[in-house]
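Since chain D is already given, all that's left is putting chain C on it; use the hints.
Sequence order for the protein chains is D and C.
Going by this note's numbering, the first sequence opens with residue 908, and the numbers climb by one from there.
Going by this note's numbering, the second sequence opens with residue 908, and the numbers climb by one from there.
Treat the hints with caution; some may be incorrect.
A pair holds if it fits inside one copy or across any two, identical chains being indistinguishable in the list.
To be verified - Okay, derived cross-link-like pairs now, DSSO-like style, lysine-lysine, Cα gap no bigger than 27 Å in a straight line:
| # | residue 1 | residue 2 |
| --- | --- | --- |
| 1 | K1381 | K912 |
| 2 | K911 | K1381 |
| 3 | K956 | K912 |
| 4 | K1039 | K1106 |
| 5 | K1303 | K1285 |
| 6 | K1225 | K1089 |
| 7 | K1039 | K1537 |
| 8 | K1171 | K1089 |
| 9 | K1176 | K1089 |
| 10 | K1537 | K1480 |
| 11 | K1379 | K1538 |
| 12 | K1039 | K1065 |
| 13 | K1039 | K1195 |
| 14 | K1106 | K1171 |
| 15 | K1106 | K1064 |
| 16 | K1538 | K1381 |
To be clear, the hints were calculated from the coordinates, so they are not data collected in a lab.
2 protein chains.
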Amino acid sequence: MLVKKTVRFLPYDIAIEVEEGANLLATAMEAGVHINASCGGEGVCGKCKIILESGELESKRGASQSTEEWNLGFRLACQSQVRSDVVVRIPPESLFEKRLMRQKPPAAKLRPMPFDVAELQETGRYDPAFQKKFLTLPAPTLSDNMCDLRRLREGLKKQYRLDNITVDFALTRTLAQALREKNFEVTVTLDFAQRRSRKPRLVRVEAGDTTGHHYAIAIDIGTTTVWGQVLDLVNGTILEALGEYNAQISYGEDVISRIIYASKPEGLKRLQEVVVATINSVIQALLKKCQLTTGDISHLTLAANTTMTHLFLGVDPKYIRLAPYVPTLCAIPPVRARDLGLAVADHVFIYCLSNVSSYVGGDIVSGVLGSGMYQENKLTLYIDIGTNGEIVVGNKDWMVCAACSAGPAFEGGGIRFGMRATRGAIEDISINPETGEPMLMTIGMAKPKGICGSGLINILAALMEIGFIDPKGKFRDDLDTPHIRQGESGREYVLATAPNTQINQDIVLSEVDIDNLMRAKGAMYAGYITLLESVGLSILDLEQIILAGAFGSFINIENAITIGLMPDLPLDKFTYVGNGSLLGATMVAFSREMLEEERRVAQMMTNFELSETPSFMDHYMAALFLPHTKKEYFPNVMARLAGFGKK
Amino acid sequence: MLVKKTVRFLPYDIAIEVEEGANLLATAMEAGVHINASCGGEGVCGKCKIILESGELESKRGASQSTEEWNLGFRLACQSQVRSDVVVRIPPESLFEKRLMRQKPPAAKLRPMPFDVAELQETGRYDPAFQKKFLTLPAPTLSDNMCDLRRLREGLKKQYRLDNITVDFALTRTLAQALREKNFEVTVTLDFAQRRSRKPRLVRVEAGDTTGHHYAIAIDIGTTTVWGQVLDLVNGTILEALGEYNAQISYGEDVISRIIYASKPEGLKRLQEVVVATINSVIQALLKKCQLTTGDISHLTLAANTTMTHLFLGVDPKYIRLAPYVPTLCAIPPVRARDLGLAVADHVFIYCLSNVSSYVGGDIVSGVLGSGMYQENKLTLYIDIGTNGEIVVGNKDWMVCAACSAGPAFEGGGIRFGMRATRGAIEDISINPETGEPMLMTIGMAKPKGICGSGLINILAALMEIGFIDPKGKFRDDLDTPHIRQGESGREYVLATAPNTQINQDIVLSEVDIDNLMRAKGAMYAGYITLLESVGLSILDLEQIILAGAFGSFINIENAITIGLMPDLPLDKFTYVGNGSLLGATMVAFSREMLEEERRVAQMMTNFELSETPSFMDHYMAALFLPHTKKEYFPNVMARLAGFGKK
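So that you can see chain D by itself, here it is in the shape it has in the complex (with noise of 0.2 Å):
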C-alpha cells in the first residue's frame, strides 16, 4: 500500500500529495513550482536549494554546501526525499510570481485506456482462437482398431462437437506416443482463428489435461526496440512484459536506411536473421521470467511498420522505397514459426497484423484495433508519433489514414542535443519567466545529456509561455537573460552549462533546432487537416484523441497542444494506449474475433499519400508556426499565451 505524503510549498502556499520516498524536486515539478535547477537534479549545480520549515526530509548534502547552511535548514530539493508531512520553502531568488505559476494539470488526468480482460469477458470477446480440449478416448481393441488420428477426430466430435478440422502434420510424430503415456486421455490444442472461412486447426497433443497451462506470446518489432509480453490464455492476463534494442539498429537508425541495407548482398538475410535473433532473445528471457519453456506457448502474434515486417518476414522491402511506394504484402498468411527461425516449438505458427500501406504498418492496424477505435462511434483521430508519425482518422465505419514525414525530431533526431529517452535526458523544465533561470528534470535525475522528445515539447512550449520566443520561432531579441545568447547557428537558449552536464558542453536549444521541431509538428498537424478534410471534416469534428506509443505516454499533453502538435481540444477528449502496437497484438490472441477482424479492419483504412495530396502543402505551410497561421484552431492556447507571458 502507497503512503502519502503532504508537501507543502512557502510562501505560494501551495500543497500536493505524494508518495513517502518522492524527490522534491520532481514534487515540485508536479506541483507546477518553480525552483531553479540545471544540472538535472545531481546536486552538482547546488541551485535548487530550499528551506526545510517542518516535518522530516531525507537529505544528502550538497558538495558546495556550508554546514551553516544545512544547520539553518537549507536543503538541495534534487537531493531530498519525503519521509513525512513537510512544510519548504523557496528562498527568494529561485521565487517568481505567483500569477505566472504554470497551471500545469498533473499528467495522471490524461485517460489511459488499458488492457482489459474484464470488459473483453463482458463483452463476450475473451475468446482466444487458440484453445485447449481435453478428451477421454476409448483405448483401441481389435474390433475397435481405427488410426489414431480418427480416433482423436471422433473424440472432438462426441465430446465438442467438432467436426472437420485440419491437422497440422507436425503432431502426427508424437499422436501415438501422447495418446498412449497417459492411457488416452490427452489435451489438445486448436486453432480457431479465421474460423468463419477456415477449418479449426489441430496444432498439438499433450498426454494427460494440460488444459490449465495455456499461453501466447505478443511481439510488437519497432524500428528501434522489439517488445514482448506473455499472455496467459487460460485467464487472460499479461504474466510478463520485456523490451530488448532491435539489432537491426547497427544496420540504419530508420526504416530507410534498413531498406537500401537489405538491398546489400546478403543484407536481406543477414537483417531478417539479427531481427529474429532479437525476439529469439526476448523470448527466451520473458519464459524464463515466467519459468516456462518453449513448449508452453501455443501460438505468436505480432504486429511491426510495414518495412519491419517485411524484413522480419525475410521479404525484400525494396518497392516500399520507391514510388508509387509499393509494399509487396499486407494481409499476411499464417506463417510457421519455425520457417522463419523463430526458437519455439514445431507447432507454433505466428499471425503478424496486417499493414495498410508502405508506410502505414500492422503497428497502427494493431493500435486501432487495440484502443478499439474500430468500433467507436466517436469521430476520433488516433497518433501514433515515433521515428515517424502515423494518423488515423475516423469511426466504426469508416477510416482514413497517413504517414507523415515528420522526422524523427521528437525522437531526438535533428535536433543539436536531442537524444532518445534514455538516463540524462532532459524530459521537464519550468523557467522563471524574470530571469529565464530553469529547473529542469531529466530522466533519472542524471547530470543533463541532452534532450529527449517530451523535454523538447516542454521547453519550447516553456518558452513560448513565458514569451521568450515568437510566433515564427525566434527569440525576442529585447529580452535580458544571461540564458538566451547568440550562438553558432542564431540565438539560442541555455539549458546547462558545461559544469552542470555530462558533456562538458552547454546544452542549448537553438533557433535552428526550433526550425526542425516546428516542421515535425506542422507535417503532424497538417496531417489531421488534410485527413479530415478529405472526408469534408474539421479539427472541432473531433470527438476523441487516442496517442499511441511510448511517446504518447511521456508526453504532455498541454505542452503538445501549446506548440501546435496536437489539436486544441478538451484534455478530457484525450486518452492514451502506451505501445499500441503491443496492445492489439495482445488482443488479438486473447479475442478471436479481433484476430479475424484485423484484415477487414486493415482494409478499411483509406490510405492517403499525404505527397501526393495538393493541399497538404498549404497545411504544412501555415503550421509552421507557433502554434499556428490560423489562431483560431488554437484558441485556448492564445487565451492562455496571451494571459502569461512578459506583462
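Frame of chain D, contents of chain C only:
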C-alpha cells in the same frame, strides 16, 4: 512398325505369329510347344535342338554342336531368332503327345486396364488439382498503390472470378520480383485440392506466361521398389517412369523388420532419410530424362502401404505391429515436401493417399481409385499380391478389405530356390509328361539361378497338370523319371542340374516348397471367401477381378487358377492394372475430383482383421489343397486336370 513372322512347329503343326527377331524357344513356349530345355536359354545344356526346315533363323552355334549337325539344319532354339516365316521340326527326343499339350491362352488375352486420360477427359474428370492461370495486371501508380499481393488477388478476381484464396507464404518472398520481371504479366499456380472444404491456395507466381509448362510427379513407395513418373499436367500425359530399389532394404526385407528397426535409437530417422534419398534419386533421374528442373514441378502425389507411409513421414509405425494393430494416421494432411527432406521447390506439397488400416494402405486405396473399382457397378475383387497380399471386395456402394498374411512365397521368400523376378529367374516351364524333362524359360534367357513368383505358379501348375503331384502337394511315388527324387526334405522335382545353373547346384522344387506355396495361396483364397461371406456373397457372385502389382502383370492367370490362387472364373472377368499404387497416384494428380474422393474411398473400405475372423481359419484349412478341398469351387480346373494328366 512391328513386322510379324509366322513360325510353324512340326510335327504338331502349330503356327504362331511373332515379331521379327523373336527368340525361338520363347516362341515355342508361347505357342504351348514343349522343347526340352534346362539351361534357361544360354545354349549350355544343348537340349533344345530343333531342325530348321524352311525360312531363316539367326542362330548361334552351340558349344557342343558338331558341324555335321549344323549342316543338317539342327539349331538350338534358345540360340535362334526368327528372321522370316519359318518351319521348324521338334526332334523325337523332345516330343510329347499333342493331346497333352497345354492349351495355355496367350498372356496378352488378359485385358489390361491402362491409364486413359482420354476417358478422364470425356467424363470431365481431367482437371488437375493444380492449375496455372495467366494474369495481366495493371502496373501500380501513386493513385493505385495497393500491395503486390492484393494486386494479384484483385487480378484473380477480375480475370478468373477467383475470390477468397489462401496464399502460401513462401511465394511472397519472390512476388515483387516476379511481378516486375515481365511488366506485371505473371502466371500463378493454384492448388484446388479439397476445394469443397478449403479455399484454393496460391502456391507459386512466375514472370510471364508459363501456362504451357506444368508438371507433377507421382510416386509409389513399395517395400522393395520406389517408382516415380513425371506427369505433364498441360495435356495429361505420362512423360517418363522409372523405379529404384528402396534403400530401406538394407534395414530389413519386409515391413515387420523395418518396424523393428525403426524402434532402435535413430532407427526411424534413418529409415525416413534413406527412403527420401531414394525418392530424391528417382526424382532427379526423372527430371534429367525429361530435361526439367525441380522448379517445374508443382506438386507430388504419393501412395504406399501403411508402414511405408509412416516411415516416409517420419511417424513411428510401432503400433502397426502390435495388437490391436493401430496406425497413427490414415488420412494424411498435405505436407510441405521440403519439410520431409525432398529436393523439390519450396512451394511443393506432397499429397499422400490415405491408408485404411495397418495392413491395407494407401497403395491399395490408390489402386481401388486408379482402377476405377470405386465407381464400378460390378461386384469386383481387387487383388494385390506382393510381399503380402491385400484384397478388396465390393463396388461403388460398399467395399470390404483385408490383408492376408500370405507371406513372401510369391516373391520367392521361404522357397529354397526362390528369388525375385530378376535375370536368371525361371519364369515359365513346360514339362514332358512322358519323360519329366522340363523346358525352362528364364528372365533374360540366362542360365537359371532360382525361381521367381510367377515361375513357382507355372511350375506347380505344370506338375499338377501332368499329374506328378497329388491334391495334397505330394509327388507321386510311382513315377519313372530321374527328374523326381528324394531330397533332403522330402521328394523334389529337379528343374536344372548344377552344370546348367549359375549357382552350381541342382535347382529343385521340393515338397516343403510346395507346402509353403499352398499356405500362401490358401491364405489368399481363404481371404476372398471370408470377405465375400462377411457380406453374404460367394465366389460365384464375382463379376470382375482386378490384379494389381508387378506380379499381377506377369502372372499366368490360368496357372494361378489351377493352383487355387485365383478363383476359377472365366478369363474375361480378369483385368490387370500393373502398379495400381502408381496408377492411383497419377490419377489423383490428373483429377481433382479423384483427389477429393480419395479420403471418402478409404473410409468406405471396411477393414477386416482376418486373424480375428473365426471363419477365416476354416477357409484357410480348406484351401490347403491343390486346387482346393471343395472341388466345386474349381469346376474348370477339375475338368482340365481330368483331361490332362497320366492316363
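At most 27 Å between CA atoms: does that hold for K1381 and K912 within a copy, between copies, both, or neither? Classified as neither; 42 Å inside a copy, 112 Å across copies.
Classify it for me, K1537 with K1480: is the Cα-Cα distance of at most 27 Å met within a copy, between copies, both or neither? within (22 Å within a copy, 96 Å between copies)
Give the relationship of K1538 and K1381 under a CA distance limit of 27 Å: within one copy only, between copies only, both, or neither. within (18 Å within a copy, 118 Å between copies)
Please sort K1303 with K1285 into within, between, both or neither, judging by C-alpha distance up to 27 Å. within (8 Å within a copy, 62 Å between copies)
Can you give me the call for K956 and K912, within, between, both or neither, at a CA distance of at most 27 Å? within (21 Å within a copy, 124 Å between copies)
Check K1039 against K1195 for me: Cα-Cα at most 27 Å, and say if that holds within a copy, between copies, both or neither. within (23 Å within a copy, 48 Å between copies)
I want to check one pair: K1039 and K1537. Are their C-alpha atoms no more than 27 Å apart within a copy, between two copies, both, or neither? neither (58 Å within a copy, 59 Å between copies)
Up to 27 Å between alpha-carbons, please classify K1225 paired with K1089: within, between, both or neither. For K1225 and K1089, only the inter-copy Cα distance (17 Å) is at most 27 Å; the intra-copy one is 52 Å.
Alpha-carbon proximity context of K1039 and K1065, limit 27 Å: Only inside one copy: K1039 and K1065 sit 16 Å apart there, 41 Å across copies, limit 27 Å.
Homomeric proximity label, K911 with K1381: Cα distance no greater than 27 Å: Answer is neither; intra-copy 43 Å and inter-copy 108 Å both fail.
Evaluate K1176 and K1089 at a C-alpha cut-off of 27 Å and name the case that applies: within, between, both or neither. between (44 Å within a copy, 25 Å between copies)
For the identical chains here, do K1106 and K1064 meet the 27 Å Cα criterion within one copy, between copies, both, or neither? both (14 Å within a copy, 23 Å between copies)
Violated hints, listed in ascending order, are 1, 2, 7 and 14; each of the other numbered hints is respected by the structure.
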